[in-house]
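Let's have the full structure, built from the sequences with the hints guiding it.
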Amino acid sequence: MNRKKYDKGIYIEKSMILVFSLTINVVILVFVPLYLISNKYELFDKRNNYTTVHGDKDRTIIHSRGMRNNNPLNIRYSPRNRWLGEVKRKRDFEFEEFVSVEFGFRAAYKTLMTYRNKYKIKTIEGIILRFSPPNENKTEDIINKISKMSGIPRDKVIRESDYAIIIKNMAIIESGKSYPIEVIEKGMSIK
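Those letters in the sequence shown? Residues 507 to 697, per this note's numbering, in order.
These are computed hints drawn from the structure, not numbers from a lab.
Certain hints may be false.
Simulated crosslink set (DSSO-like; lysine-lysine; CA at most 27 Å straight-line) [stated by the list, open to error]: (1) 594 with 628; (2) 662 with 624; (3) 626 with 596; (4) 662 with 616.
Using C-beta positions, here's what the derived DEER-type ranges look like [unchecked claim]: (5) 684 with 530: 47 to 55 Å; (6) 695 with 529: 20 to 28 Å; (7) 582 with 530: 40 to 48 Å; (8) 601 with 657: 38 to 46 Å.
Everything numeric in this text was worked out from a predicted model, so none of it was measured.
Cβ atoms here follow ideal geometry from the backbone N, Cα and C, with glycine treated the same way.
Have a look at this one:
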């Protein structure tokens, strides 16, 4: 008699309940925190621009990779380079990432000083040919733009005092933003 009472209803094996329970736990314990963490700092807005959130501050729309990485000249990533001010946890393994834009400008200046001192590259033409090679860029157009923007002929030896303006103009072309010269000089002065 008691048996008929239990014949009605749905029976689920214990192993199926265990699998279902584990699946729900994995979703809750792994994927939800990952989603929340990733969206706390970086989201896509409706225009496919990155939105970076800095603590309690308002959101700042960042339009280019160079701006997002605090790397206004888009210096390529190399594991051999140990830049001062580079982020500890990289997200972009193609380009360098810095904790602030000043450290990005420091790296840009150090790169151009290496060109000058090690490779004897001292002109806009020489810098751009090495920095933005023709197989990746419209190098001639970039050389002409930097020369016109800075007022320095492409084949003239650049004075040390002119590097800030060269870097400023390279940043405009690479990242699409005109940074204040004071920010660039601050980065260049970091030892």
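Structure-based check of each hint:
no. : hint                     : result
1   : 594 with 628             : violated, 33 Å
2   : 662 with 624             : holds, 18 Å
3   : 626 with 596             : violated, 32 Å
4   : 662 with 616             : holds, 20 Å
5   : 684 with 530: 47 to 55 Å : holds, 51 Å
6   : 695 with 529: 20 to 28 Å : violated, 56 Å
7   : 582 with 530: 40 to 48 Å : holds, 44 Å
8   : 601 with 657: 38 to 46 Å : violated, 29 Å
Of the numbered hints listed earlier, those contradicted by the structure are 1, 3, 6 and 8.
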